[in-house]
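With the hints as your guide, set chain P onto chain Z.
Protein chains: 2
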Amino acid sequence: MPSYKAPVEDQIFVLSDVLKVDSADIPGYEDLDRDTLDAILNESGKLAENVMAPLNRVGDEQGCKLENGVVTTPEGFKEAFEQVKDGGWTALDCDPEYGGQGLPYIVATAVGEQFSAANIAFNMYAGLTHGAYSAIHAHGTDAQKAKFLPKMVTCEWTGTMNLTEPHCGTDLGLMRTKAEPQDNGTYKISGQKIFISAGDNDLNSNVIHLVLAKIPGGPEGIKGVSLFIVPKFIVNEDGSLGARNGVSVGNLEKKMGIHGNATCVMNYDEAEGYLLGDMHKGMRAMFTMMNEARLGVGLQGYAQAEVAYQNAVDYAKDRLQGRDVTGVKNPDGPADPLIVHPDIRRNLMEQRSFVEGARAFALWAAQMIDRAHKTEDAAADGLISLLTPVIKGFLTDKGFEYCTAAQQVYGGHGYIEEWGMSQFARDARITQIYEGANGVQALDLVGRKLAQDGGKHVMAFFEMVKGFVADTKDAGEEFDKHFREPLKAASKDLQAAGMYFMQNGMKNPNNALAGSYDFMHMMGHVCLGLMWGRMAIAAQAKLDAGEGNADFLKAKILTGRFYMARQLPMTGAHLKRIESGADTVMGLDAELF
Amino acid sequence: MPSYKAPVEDQIFVLSDVLKVDSADIPGYEDLDRDTLDAILNESGKLAENVMAPLNRVGDEQGCKLENGVVTTPEGFKEAFEQVKDGGWTALDCDPEYGGQGLPYIVATAVGEQFSAANIAFNMYAGLTHGAYSAIHAHGTDAQKAKFLPKMVTCEWTGTMNLTEPHCGTDLGLMRTKAEPQDNGTYKISGQKIFISAGDNDLNSNVIHLVLAKIPGGPEGIKGVSLFIVPKFIVNEDGSLGARNGVSVGNLEKKMGIHGNATCVMNYDEAEGYLLGDMHKGMRAMFTMMNEARLGVGLQGYAQAEVAYQNAVDYAKDRLQGRDVTGVKNPDGPADPLIVHPDIRRNLMEQRSFVEGARAFALWAAQMIDRAHKTEDAAADGLISLLTPVIKGFLTDKGFEYCTAAQQVYGGHGYIEEWGMSQFARDARITQIYEGANGVQALDLVGRKLAQDGGKHVMAFFEMVKGFVADTKDAGEEFDKHFREPLKAASKDLQAAGMYFMQNGMKNPNNALAGSYDFMHMMGHVCLGLMWGRMAIAAQAKLDAGEGNADFLKAKILTGRFYMARQLPMTGAHLKRIESGADTVMGLDAELF
Numbered sequence: 035m036p037s038y039k040a041p042v043e044d045q046i047f048v049l050s051d052v053l054k055v056d057s058a059d060i061p062g063y064e065d066l067d068r069d070t071l072d073a074i075l076n077e078s079g080k081l082a083e084n085v086m087a088p089l090n091r092v093g094d095e096q097g098c099k100l101e102n103g104v105v106t107t108p109e110g111f112k113e114a115f116e117q118v119k120d121g122g123w124t125a126l127d128c129d130p131e132y133g134g135q136g137l138p139y140i141v142a143t144a145v146g147e148q149f150s151a152a153n154i155a156f157n158m159y160a161g162l163t164h165g166a167y168s169a170i171h172a173h174g175t176d177a178q179k180a181k182f183l184p185k186m187v188t189c190e191w192t193g194t195m196n197l198t199e200p201h202c203g204t205d206l207g208l209m210r211t212k213a214e215p216q217d218n219g220t221y222k223i224s225g226q227k228i229f230i231s232a233g234d235n236d237l238n239s240n241v242i243h244l245v246l247a248k249i250p251g252g253p254e255g256i257k258g259v260s261l262f263i264v265p266k267f268i269v270n271e272d273g274s275l276g277a278r279n280g281v282s283v284g285n286l287e288k289k290m291g292i293h294g295n296a297t298c299v300m301n302y303d304e305a306e307g308y309l310l311g312d313m314h315k316g317m318r319a320m321f322t323m324m325n326e327a328r329l330g331v332g333l334q335g336y337a338q339a340e341v342a343y344q345n346a347v348d349y350a351k352d353r354l355q356g357r358d359v360t361g362v363k364n365p366d367g368p369a370d371p372l373i374v375h376p377d378i379r380r381n382l383m384e385q386r387s388f389v390e391g392a393r394a395f396a397l398w399a400a401q402m403i404d405r406a407h408k409t410e411d412a413a414a415d416g417l418i419s420l421l422t423p424v425i426k427g428f429l430t431d432k433g434f435e436y437c438t439a440a441q442q443v444y445g446g447h448g449y450i451e452e453w454g455m456s457q458f459a460r461d462a463r464i465t466q467i468y469e470g471a472n473g474v475q476a477l478d479l480v481g482r483k484l485a486q487d488g489g490k491h492v493m494a495f496f497e498m499v500k501g502f503v504a505d506t507k508d509a510g511e512e513f514d515k516h517f518r519e520p521l522k523a524a525s526k527d528l529q530a531a532g533m534y535f536m537q538n539g540m541k542n543p544n545n546a547l548a549g550s551y552d553f554m555h556m557m558g559h560v561c562l563g564l565m566w567g568r569m570a571i572a573a574q575a576k577l578d579a580g581e582g583n584a585d586f587l588k589a590k591i592l593t594g595r596f597y598m599a600r601q602l603p604m605t606g607a608h609l610k611r612i613e614s615g616a617d618t619v620m621g622l623d624a625e626l627f
Numbered sequence: 035m036p037s038y039k040a041p042v043e044d045q046i047f048v049l050s051d052v053l054k055v056d057s058a059d060i061p062g063y064e065d066l067d068r069d070t071l072d073a074i075l076n077e078s079g080k081l082a083e084n085v086m087a088p089l090n091r092v093g094d095e096q097g098c099k100l101e102n103g104v105v106t107t108p109e110g111f112k113e114a115f116e117q118v119k120d121g122g123w124t125a126l127d128c129d130p131e132y133g134g135q136g137l138p139y140i141v142a143t144a145v146g147e148q149f150s151a152a153n154i155a156f157n158m159y160a161g162l163t164h165g166a167y168s169a170i171h172a173h174g175t176d177a178q179k180a181k182f183l184p185k186m187v188t189c190e191w192t193g194t195m196n197l198t199e200p201h202c203g204t205d206l207g208l209m210r211t212k213a214e215p216q217d218n219g220t221y222k223i224s225g226q227k228i229f230i231s232a233g234d235n236d237l238n239s240n241v242i243h244l245v246l247a248k249i250p251g252g253p254e255g256i257k258g259v260s261l262f263i264v265p266k267f268i269v270n271e272d273g274s275l276g277a278r279n280g281v282s283v284g285n286l287e288k289k290m291g292i293h294g295n296a297t298c299v300m301n302y303d304e305a306e307g308y309l310l311g312d313m314h315k316g317m318r319a320m321f322t323m324m325n326e327a328r329l330g331v332g333l334q335g336y337a338q339a340e341v342a343y344q345n346a347v348d349y350a351k352d353r354l355q356g357r358d359v360t361g362v363k364n365p366d367g368p369a370d371p372l373i374v375h376p377d378i379r380r381n382l383m384e385q386r387s388f389v390e391g392a393r394a395f396a397l398w399a400a401q402m403i404d405r406a407h408k409t410e411d412a413a414a415d416g417l418i419s420l421l422t423p424v425i426k427g428f429l430t431d432k433g434f435e436y437c438t439a440a441q442q443v444y445g446g447h448g449y450i451e452e453w454g455m456s457q458f459a460r461d462a463r464i465t466q467i468y469e470g471a472n473g474v475q476a477l478d479l480v481g482r483k484l485a486q487d488g489g490k491h492v493m494a495f496f497e498m499v500k501g502f503v504a505d506t507k508d509a510g511e512e513f514d515k516h517f518r519e520p521l522k523a524a525s526k527d528l529q530a531a532g533m534y535f536m537q538n539g540m541k542n543p544n545n546a547l548a549g550s551y552d553f554m555h556m557m558g559h560v561c562l563g564l565m566w567g568r569m570a571i572a573a574q575a576k577l578d579a580g581e582g583n584a585d586f587l588k589a590k591i592l593t594g595r596f597y598m599a600r601q602l603p604m605t606g607a608h609l610k611r612i613e614s615g616a617d618t619v620m621g622l623d624a625e626l627f
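Each protein sequence line maps, in turn, to chains Z and P. For what it's worth, my numbering labels the leading residue of the first sequence as 35, then goes sequentially. For what it's worth, my numbering labels the leading residue of the second sequence as 35, then goes sequentially.
Isolated chain Z, as found in the complex:
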C-alpha cells in the first residue's frame, strides 16, 4: 500500500524563503508568516496523509456506481468529505461575504497540492465546486451569488462544468445543447453533455451544474454560446430544496483512472436554468473556471509525480537487489538497496528535481494570480495568462512521465495494481487530457498568448529572466557555472525559437504551430530553470547565514544542479526541432496516412 507525506518543509521553503510571501506587496500576504503557514500546512497535511491517502486505492478498486439514476461514491468518501467540509478546507480562499475564509489563493494552492497528491479523484469533487464558485462569483448577479455561493463555499452543494458533447470537445462552436428562453426569465436546457467530472455524487444535497448551451436565434458557432446555472434540485426562494430538475445521469464512463470520481454522461431534458453573465458571452464566463481549472490541473500533474516519487524512494531504499559497483554498501545484507545504483538515482533525481521545480513554479504562479486579482496589476495578469498553458501542459506531461518513471523503480511490482504505482500513472494520465488537451495548450500559447497585447507579456517574461541573470552576476563562481550559465543558454534557445516563429510564422502559420508543442516544453524548462536559480540563491543565503536545516538546503542546491545540468539542455533539442519548420510535419497528404 503506497503512502503519502505532505512536503511541508519544502512548501514553506518556497513560500517563505523563495517567494518571501509575508513581505510581498499583496493584500492578505502580510499575515502569511512562517508560523501561520506551518500551522495551516501541517493541519491540511494530516488530513491528506491520514484521511485522503488511505482512500486512494479504495477509490480505484471500487470506483463509483450508478444504480437507478443515483451515483454512489466509494466507501469512506462521504465520511472523509464531511471532515474536509467541517475543517473549512473548501472555503480557504473564498469570499468572506459568502462564508469563505478570505485567505490568498497561494495558500489554497499549497493545500491543493497536498490534497491532489493524496487522492486526486476524491479532491476533484471540491475542486470542481471551487471552479463553479469562482464563475458565479465573477459573473453572477447579487441574487445568484446570495442564493448559490454560501452552500458552495462549504461544499454542502457541489459544482460541475458542462462543456463537452459527444461530437465536440475542443471545438465548442459545434455545440448542440439548447437553452429556450421562458417568459419568467429562466431557460429550458436540453441536450447531452459528456465527461462531466463529479457530475453527480452522494456527498452532498445538491449539485450546481454550470452548463454551456445555445440560445436559439443567437450567433453561429462559439459566439452564440451562453452559460447557465442548472441545479440538480431547484432552490426555493427561502433556500430550501424544491423539485428535482430535468437533469439526470445517463451513464458513468469506465476510465483508465480516477475511478473514485464519477465521470458522467449528463442528460438535460428541459431542465430549468439561469443565465450566468451576459447572453452569448458564455465562453468568457466559462474561461474564469477554465483558467483556474488549468492551474489546478497542472498542480494535479506534479502532485501525482510527488506522491509517486515518495513511494519510489521508499522502495529504492528498502528493496535489496545487486551490489554497488563502487563498493558494497550493505555488507550485512544479501544485497545493497536499489538506491545505490546510478540509473536508479538518475531516475529518482529526475523525478525529484522536476517535482520541486514544479512546486516553486505553481506557487509563483499562484502569487501572480493573487497579485493580479488583489492589486489589479496588469503585468501580473498578462504574465499568468501567458504561463497558464505552460503550467497546464508542461507540468502534466512531465507529471505523467515521472509517475511512470517512479513505477519503473518497482520493476514487475510496479505493474501489479496492489502496489499502487500503476494507479498514480493511470490517474495522472487524465491531467494531460482534460481542461484542454495539451496540444490545445500549446496552440493557445503559440497561436494566441505569444502575440497577445503585441507580444508584451512574452517580452516581459524574457526581461524577467534577464533581470534575474543580471541580478545574480555576483552570486559566485559555483552559482555562475551551475545555474546562471545554463539558464542563460536555455533562455537564449527559447528566444531563438520565438524569433523563428516571428520570421517564419508570417509566411506560413504552420511553421509556428508545428513547433508549438516543443515551445511549450522549452518554456516549461526555462521556467523551472528560473525557479531553480531562485531556489539556489535562497538556499545559499540561508546556508551563508547559518539558518535553517543545512541538510535540506544542501540537498536543494544539488537537486537544482541536477536539473540545470541534465534537464535544461533539452531546450537545444527542442529548438532544433522547431527550426526544422513545418515541411516534414505537413508534407504528407492526409490520404497517404
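Calculated from the structure, these hints are not laboratory results. Since the model is a prediction, treat every value here as computed from it, not as a measurement. There may be inaccurate statements among the hints.
As the list claims (entries may be wrong) - Covered stretches of chain P, going by a simulated chain Z footprint (3 or more residues, C-beta under 8 Å):
# : region
1 : 236 to 244
2 : 372 to 380
3 : 591 to 599
To be verified - Here are the in silico distance ranges between beta carbons for each label pair:
# : chain 1 : residue 1 : chain 2 : residue 2 : range
4 : P       : N583      : Z       : K490      : 28 to 38 Å
5 : Z       : A624      : P       : E64       : 34 to 44 Å
6 : Z       : Q486      : P       : A530      : 39 to 49 Å
We put the beta carbon where it would ideally sit given N, CA and C, even for glycine.
Structure of chain P alone, referenced to chain Z:
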C-alpha cells in the same frame, strides 16, 4: 472498437527492398522472394486482423480467472488458439526434425509483429512457448528434445519461464527455490515463483515450465543456479500424460494491462524436474530464452505503437474539430478533420516515423540473428549481442510513449476504456518492465556490452555507420542534406558519449553508468537514423527506376526526413546529459532522499 490492419506492404518493402533478403547470403533466405513473403504475411495478417484483434478488448475486459486451481482464459481465446495451431503459425522457424517448418527467424519476426500488434496478451502464450522450445532445443539432451519439443512446436503443450521470486527479480543470485537431486537422476523442485506469464491456461493439455533453482551445496549466488524442466503433468515414456506434478497456481496477479494473459504466482512443492543443460550453468541456458525474449519484447513495444498509431490516424481523419488555419479543408462539413492541425500532424508523424524505423530495425536484427545462427558469423553474433538491449529498451520506451501519444489524439475519448486506446498504453507499459527492466538493459549495454571482446562490437557498429555514410556520398544533395548529414552528426554524438565513458568511467564507473540510459536512447536514435537512411536510399532507387507504388515511396522518404530532422537531434541533448557525469546524479546522500 479499435481495429488493426497488418502493414504488409511496409514489411515487404523492408524485407525485399531494404534488406534484400532473397539475395542475402544466408541459408534459407534464397526462398524468401517477394511472392512467398506476400503469401505468408497476407495470410498471417488475416489471422491477426480477423481472429486476434477482435479478441483484444475481450481479453482486457474479462481477464483470466482462477477457480479451484484452474486458470480460464477469456472467451474465444481457446478457439483462436486452435486456429493459430492449425495454421502451423507456432512452428514457423522451428526445427523440422521436431515438426517445425524451418523458415528463417526473420519470417517469424515479421509475423510476430502482426500477432503482437493485434493481441499482445493472447500472443504471449505461443511466444513464451517458443522461448522454452529454444532453450530445450539449444541445451536439452536428445531424449529431452524428443520428449518435449514436438508438442511444444505445435503448442499442444505451452511453455513458461520461471525466474522471479518475491524478493528477487534482477538479482537472481538471491534465489531460494531449491532442487534436491533424487536417486533416479531427477530433482525435486520446491519454492515460489512470481510474475510467471502464461503460467497456466486452458488452451492446451500440458505446460512445460522452465524453472531456475539452486541445487543445495552448489556455489553461492548466481553461479549456483541451474535450470530445470518441470512439466505440469508428468510425461510418460510413451509420450502420454501421467500424474499431475507438484506445481500449482497460487494466485493470478491483478495488473495494469495484458489482462488476457495469466500472470501467475507458481508454487513448486517437490515437483519432479529434469536438469536442462549443465549443473550450475542455468543462467547460460536461461539466456538463450532471455535474448530471444528481449527481441520479442522490443517487437511488442513498437507493435503496440503501430496499432495505436493506426487507430489515431483513423480518428484524426474522422473527427471534425476546428478549422485549418491556412484555409478551410472541409467546407461542406461543420469543421475540418483533426488531421489538418499541425500539432496533431506532429504527433502522428512522430508515431509513424518511429514505428516504421523500428520495424526496419527489428527485421534487420532478425537478419543478423539468422546470419549468426546459420552461418556462424561471429561479427553478426557480436553485433546482435550489442544491440539486444537497445532493441529491448529503446523500442519499448518509445513504443509506450507513442501509445500514449496516439491516445492523446482522441482527447477525452482516449481516456475511456471502450475506445481501446487506454488498453494499448496499459498493455505496452509491461514491455518496459519485463524481461529485464529497461534500466537493466542500459546497464547491460554500457556496463557489459560496450566493453565486450575489447570493444570490438561497438567499433564494428561505428564502422558500419561510417561505411554507410561513405557509400552514400554520391546519393545526391537532397539525401545529403536530409539524411546523411544528420546521421553523421548523431553518430558523432554517440561516439563522443562512448569516448566520455572511456575517459571518465575508469576513474569512476558511475560516470559511465549515470549516462547508461541516455546512451541506450542515443544508440536507438542512431540505429533508427541508419535504418531511415537505408530506407530512403531504397525508396529513391525504386522511384528512379519507376518501380513500385510511388505514393508509398514518397511518403517513406518524407517520413524519414521527419525522423532525421525532428528526432535525431535528441542525441545532442543526451550527450550533454551524459557529459555532466555522475556528480549531480550520485551527490545526494541516500538518507537525504
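Structure-based check of all given hints:
Note: the region 236 to 244 of chain P has 0 residues with beta-carbon separation from chain Z under 8 Å; the three-residue rule is not met and the coverage is violated. Coverage of the region 372 to 380 of chain P by chain Z holds in this model, with 8 residues showing a Cβ closer than 8 Å to a Cβ of that chain against a need of three. Counting residues of the region 591 to 599 of chain P whose C-beta lies closer than 8 Å to any C-beta of chain Z gives 5; at least three are required, and the coverage claim holds. A hinted range of 28 to 38 Å is violated for the C-beta pair N583 of chain P and K490 of chain Z, which are about 52 Å apart.
Between A624 of chain Z and E64 of chain P the CB atoms are about 41 Å apart, so this pair conforms to the stated range of 34 to 44 Å. In this structure the supplied range 39 to 49 Å holds for Q486 of chain Z paired with A530 of chain P, their Cβ-Cβ distance being about 42 Å.
In terms of the numbered hints stated before, the structure departs from hints 1, 4, listed from lowest to highest.
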